[in-house]
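J.: Residue-level listing of the chains:
Number of protein chains: 2
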Amino acid sequence: MELIDGNQIAATLIAELKADIATIAGRKPCLALVRVGEDPASVSYVRKKEKTAEEIGVTSRIILPPIDISQEELFKLIDSLNADAGVDGILVQSPLPKHIDEVAVFRRVAPEKDVDGFNTINLGKVAQEDDTGFVACTPAGIMELLARSGVDLKGKHVVVLGRSLIVGKPIALLALQKRAGANGTVTICHSGTANLPALTRQADVLVAAIGRPEFVTADMVKPGAVVIDVGINRVPDATKKTGYRLTGDVHFPSVAPLTSKITPVPGGVGPMTVAMLMKNTVKAYRLRR
Amino acid sequence: MELIDGNQIAATLIAELKADIATIAGRKPCLALVRVGEDPASVSYVRKKEKTAEEIGVTSRIILPPIDISQEELFKLIDSLNADAGVDGILVQSPLPKHIDEVAVFRRVAPEKDVDGFNTINLGKVAQEDDTGFVACTPAGIMELLARSGVDLKGKHVVVLGRSLIVGKPIALLALQKRAGANGTVTICHSGTANLPALTRQADVLVAAIGRPEFVTADMVKPGAVVIDVGINRVPDATKKTGYRLTGDVHFPSVAPLTSKITPVPGGVGPMTVAMLMKNTVKAYRLRR
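Protein sequence lines, in the order shown, are assigned to chains A and B.
Read in this note's numbering, the first sequence has 268 at position 268, and its numbers run on one by one without any break.
Read in this note's numbering, the second sequence has 243 at position 243, and its numbers run on one by one without any break.
Hint data in this document are derived by calculation from the structure and do not stem from the laboratory.
The beta carbon of each residue, even a glycine, is placed where N, CA and C say it ideally should be.
Do not rely on the hints blindly, as some may be mistaken.
Within a straight-line C-alpha distance of at most 27 Å, the following computed DSSO-like cross-link-like pairs (lysine-lysine) qualify [claimed, not checked]: (1) A:K222 / B:K222; (2) B:K222 / B:K18; (3) A:K28 / A:K283; (4) B:K98 / A:K222; (5) A:K76 / A:K178; (6) A:K51 / A:K261; (7) B:K178 / A:K98; (8) A:K178 / B:K98; (9) A:K261 / A:K222; (10) A:K28 / A:K98; (11) B:K222 / A:K154; (12) A:K48 / A:K18; (13) B:K222 / B:K154; (14) A:K178 / A:K154; (15) A:K240 / A:K48.
Here are some of the chain A residues that sit facing chain B, going by a computed Cβ distance under 8 Å [as the list claims (entries may be wrong)]: (16) K154; (17) L176; (18) R179; (19) K240; (20) H251; (21) P253.
Counterexamples of contact, computed for chain A against chain B with all Cβ distances above 12 Å [stated by the list, open to error]: (22) I62; (23) S80; (24) N122; (25) D130; (26) V158; (27) K169; (28) T185; (29) R288.
Turn these sequences into a full structure, and let the hints steer you where they fit.
T.: Right, here's the structure in full:
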């Protein structure tokens, strides 16, 4: 069994992007980060994105509307960023307050600046295998992890556990694409799937994105499979100062020894998302030039 | 074994649409049919669409640009139809001449008039389960056939053979949706799939859309499965006046006896596409009002 080290792969990607950006003369790529309110997790995520941007030479512009901003005002703010020639990428940090329609906000971001890949057009482009779009950071990060770990999906059976719009569906569409590294046969399972273990046991590559702590157990995994654990769940743990520990959707202790490669949680898929956000921002910059 | 009679189901749907349109006071739904050149199959398809429109009370507007129309001129024509308040749906008949970028033309059609469902936004909306979009007529027709034949995909394993943008991917996304009749577990196979028969034999519902005549044989089908044959292939046949016969992607004589339900070719999925085009046109009309 080999650990797929997301921290290390993300660091390599970040270093490559930094070297790439260093070659850019004149205006550098610019990412607008919009954070509504003071949700502690959001504060931490946005700070991480800001720091990574600074590290690699992406200009970031932090916009902090108050928690009671109206949807119309937020639309106006996004429209102004869409129209701003100095902004290449726009990220609106989720979650938004409940009085705001999050999906409508994500759709308001211009497709060519939608570095989060949540706009309908960019999802459609994943299905159409159109490289001018942006792939959402988590599924894009999984494909990058696989590629940089020497896992070619060609001729492989990829089983995706979870059908979310942010992970399950786009990773299924990416794995299916007719391109080097992809060309997989893809099964998408979910909470309503009958006889789930019989299906997951067929996976050469199993992507767990169901959002249930330690849901995937040893009996659900074929020996030698590659397992990508997308889950980030908090489970109570009295031995920890915080009172909880982080765990994935895979029961790591029993599953890991069976696999040929597996991502840990934390330190697997997680670190890739910020790196992919930066990669998308640089792509947006180049496409707009 | 029960035949799924596409002609009869399409006729029922057409009758329902006719009754629905009869209740509309004032301007009726209007479908613009654009046919470039005189390709005999296209002439026949467009005539069929025109006749069905007339039958149910949809106004059709036939536009016949010459075969040597430039892409720019065709764009201008589509732009004028997009802007025309009296036009609800626009269909550009495929195939287009080789000097024209077909994908670019399909994308030029305004999403709210894209009754063929080929626009990137409408494909994205299928993935997003957003009902304000339009589903391409063939996959939409398959879902309608299943629903009207009493086949509920919930808890079923749906295996789709073929990953095309027009059939394979959208039918997979539709079968997966969280809605009544859907909620299937979905596998997408294709020409690069290893050990294909072992996968197709798991199908409770098998959708064959691989474009190879009689590709699916008895050893690839589980007894009792529902089989939907999307293929329309011409194979040489000296006993026919035309010199060919039409066949699906399924070897009907050996497979049909195994199944619980199966669509014939012709007379299965085919007749549904024009009916779904009319359904989409009425939907476009209502959404625009």
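J.: State for each hint whether it applies.
T.: Cross-check of the supplied hints:
Annotation: proposed proximity of K222 (chain A) to K222 (chain B) holds, straight-line Cα distance about 23 Å (limit 27 Å). For the given pair, K222 (chain B) sits about 39 Å from K18 (chain B) by alpha-carbon distance, which is inconsistent with the 27 Å threshold. Between K28 (chain A) and K283 (chain A) the alpha-carbon distance is near 12 Å, which keeps this suggested pair within the 27 Å criterion. The suggested pairing of K98 (chain B) with K222 (chain A) is violated, with an alpha-carbon distance near 48 Å, which exceeds 27 Å.
Of the pairs offered as hints, the one joining K76 (chain A) and K178 (chain A) is violated, with about 39 Å between alpha carbons and a cut-off of 27 Å exceeded. Note on K51 (chain A) and K261 (chain A): the hinted pairing is violated, with a Cα-Cα distance of about 30 Å set against a maximum of 27 Å. Note on K178 (chain B) and K98 (chain A): the hinted pairing holds, with a Cα-Cα distance of about 23 Å set against a maximum of 27 Å. Taking the CA atoms of K178 (chain A) and K98 (chain B), the gap is about 23 Å. The hint holds against a cut of 27 Å.
Between the alpha carbons of K261 (chain A) and K222 (chain A) the distance comes to roughly 12 Å, so the proposed pair stays at or under 27 Å and holds. For the proposed pair K28 (chain A) and K98 (chain A), the alpha carbon gap of about 35 Å is over 27 Å, so the pair is violated. A distance of roughly 26 Å separates the Cα atoms of K222 (chain B) and K154 (chain A); the hinted pair therefore holds under the 27 Å criterion. This hinted pair checks out: K48 (chain A) and K18 (chain A) have alpha carbons roughly 16 Å apart, not beyond 27 Å.
Only pairs whose Cα atoms come within 27 Å are accepted, and K222 (chain B) paired with K154 (chain B) is accepted, the gap being roughly 18 Å. A C-alpha spacing of about 9 Å is found between K178 (chain A) and K154 (chain A), which places the hinted pair at or below 27 Å, so the restraint holds. Restraint check: the Cα-Cα separation between K240 (chain A) and K48 (chain A) comes to about 24 Å, which is no more than 27 Å; the hinted pair holds. Satisfaction of the interface hint for K154 (chain A) is found here, the shortest Cβ-Cβ separation to chain B being roughly 7 Å, below the 8 Å cut-off.
The beta carbon of L176 (chain A) comes within 6 Å of a beta carbon in chain B, closer than 8 Å, and the hint placing it at the interface holds. For the restraint placing R179 (chain A) at the interface with chain B, the shortest Cβ-Cβ distance is roughly 12 Å, beyond the 8 Å limit, so the hint is violated. At a threshold of 8 Å, the smallest CB-CB gap from K240 (chain A) to chain B is about 35 Å, leaving the interface hint violated. Nearest Cβ of chain B to the Cβ of H251 (chain A): about 22 Å, over the 8 Å cut. The hint is violated.
Residue-level restraint check for P253 (chain A) is violated (minimum Cβ-Cβ distance to chain B is 28 Å; threshold 8 Å). Against the 12 Å criterion, I62 (chain A) stays outside the reach of chain B, whose nearest CB is about 29 Å from its own CB. Non-interface status of S80 (chain A) relative to chain B is upheld: no Cβ of that chain comes within 12 Å, the nearest being about 23 Å off. For N122 (chain A), the condition that its CB be more than 12 Å from all CB atoms of chain B is violated, with the nearest at approximately 7 Å.
A cut-off of 12 Å between C-beta atoms contradicts the statement that D130 (chain A) is not in contact with chain B; the least separation is 7 Å. A beta-carbon of chain B comes within 12 Å of the beta-carbon of V158 (chain A); the shortest separation is about 10 Å. The claim that K169 (chain A) is not at the interface with chain B is violated, since a C-beta of that chain comes within 12 Å of its own (minimum 5 Å). For T185 (chain A), the requirement that its beta carbon stay farther than 12 Å from each beta carbon of chain B is not met, with the minimum near 4 Å.
Non-interface status of R288 (chain A) relative to chain B is upheld: no Cβ of that chain comes within 12 Å, the nearest being about 19 Å off.
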